[in-house]
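Chemist: Spelled out from the first residue to the last, the chains are:
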Amino acid sequence: MFNWLTQYWLSPKSFYHASGRLLPWLAFVCLLALGYGSIAGLFFAPADYQQGDGFRIMYVHVPSAFAAMAVYFLMAVSALITLVWRVKVAAICMSVSARIGVWFTLLALITGSLWGKPMWGTYWVWDARLTSVLILLFLYLGFIALQSVITDIQARERASAILALIGVINLPIIHYSVIWWNTLHQGPSLSAFAQPTIAAAMLWPLLAMITGFLLFFAVILLWRMRNHILLREMRTQWVEALIK
Amino acid sequence: MTAFFNMGGYGIWIWPAWGVTLAVFLINMHFAAREKKAILQRIRRFYNRSPHESITS
Amino acid sequence: MNPLRRRKLIGIVLILLALAAAAALILFALRQNINLFYTPTQLQHAHVQANTPVRIGGYVQKHSVQYDASGASVNFAITDRLNNLRVNYQGVLPTLFREGQGVVVTGHFNQAHQFIADQVLAKHDAKYMPASVAKMLAAQARPRT
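Residue numbers (this note's numbering), protein chains in the order written: chain Y, 1 to 244; chain A, 1 to 57; chain F, 1 to 145.
Isolated chain Y (complex conformation) (with noise of 0.2 Å):
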């Protein structure tokens, strides 16, 4: 089963045409969930009874810093089939997904420190939660690092994975950082298995955009493993069929 799927499935050709086929559906559905998060969160969400429009920062900055560990997950995920199977196409989404994700743990520290100044009333403060999502960017940016300064495509690919993974203890820190310390940053409004704390019309566009960030990681994610997949396959019969 599991070689069907990595010699079928997996392989770069096969793969090239079947993300090929899914993209346009991805931006289409990305496009519908973003537009009608950002519409929704910033006319039509009433004001928070506390932060008044304020709050209207969440709708930027949950769906960034739920996509920056999400990214991860994904990377470290692909960095376990990098080293146990071998399997190219993990190695690349492995690569491709670092490169995308850093820009996101970016995005989650810039807009919550743009959230922190008017609320708390400090850019930023060296409490459990930001200081354990700052890891994650040097994570992000080590393993970007690693990989440059090494030539050889096996040791480097092999290197990264290791650090991809020793890298996901982090994970459960960020998100139980504001349940086992003191922090200024407050407890998660969003669980799988609570009741949530935020008022229906807030909801769902922060739904919406959750949904439309994850999309649009998945399209450029497709978008650029389709070109490392050119690139790598670049000396088969496909890629020269395709190209001509």
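Take the hints with a grain of salt, since some may be wrong.
Using C-beta positions, here's what the derived DEER-type ranges look like [said to hold, decoys possible]:
id	chain 1	residue 1	chain 2	residue 2	range
1	F	ALA20	A	MET1	51 to 61 Å
2	Y	LYS117	F	GLN90	12 to 22 Å
3	F	ALA22	Y	LEU203	17 to 27 Å
4	F	ARG98	Y	TRP9	30 to 40 Å
It should be emphasised that the hints constitute simulated quantities derived from the structure, not laboratory data. Glycine included, each C-beta is placed from N, C-alpha and C at the ideal position.
Position chains A and F against the provided structure of chain Y, taking the given hints into account.
Modeler: Here is chains A and F on its own, set in the frame of chain Y:
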């Protein structure tokens, strides 16, 4: 309209946050497009230069 | 799964478990340093010297906020519902500062054991609702006499 952009005084925080988000999205799209162009160019150059001796994997 | 891959997978999982255990031990050992602030109750067990910087977090006690005549300085109590601490502060308060609100203050104790804050930060919770709903809930919560 002004009231909308003012956002109850929070506009100076909200608009930069949304603006930087838009910028990051555009940068990511730009990088992907630029990368595609560069890689296609490189492959075309490869095939135009070398006479046919492609290796099938 | 072929034996080589299985061995690799088990090896990776074991290494990750060991790292997770190491991380957990380090974080547990450092837990007091990772906490951003003391609550008033924790503060009683921590022996804080005069003039050393310290952060304290809790809620602004209801009816405790007193502005001085000039309006430049404010005095209020921070509570964790078990213990209180009075805080003196001169400066600009964040917009979210109000009675009942979570705050984190940075400052020091002077020789007279009064707490002098240099910075007051407001903490907000993860509840978001429209003002109209909040008003309705508050009306419902008020005891009927």
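Chemist: Compare the structure with each hint and give your call.
Modeler: Outcome of the hint check:
no.: 1; hint: F:ALA20 - A:MET1: 51 to 61 Å; verdict: holds (53 Å)
no.: 2; hint: Y:LYS117 - F:GLN90: 12 to 22 Å; verdict: holds (20 Å)
no.: 3; hint: F:ALA22 - Y:LEU203: 17 to 27 Å; verdict: violated (39 Å)
no.: 4; hint: F:ARG98 - Y:TRP9: 30 to 40 Å; verdict: violated (57 Å)
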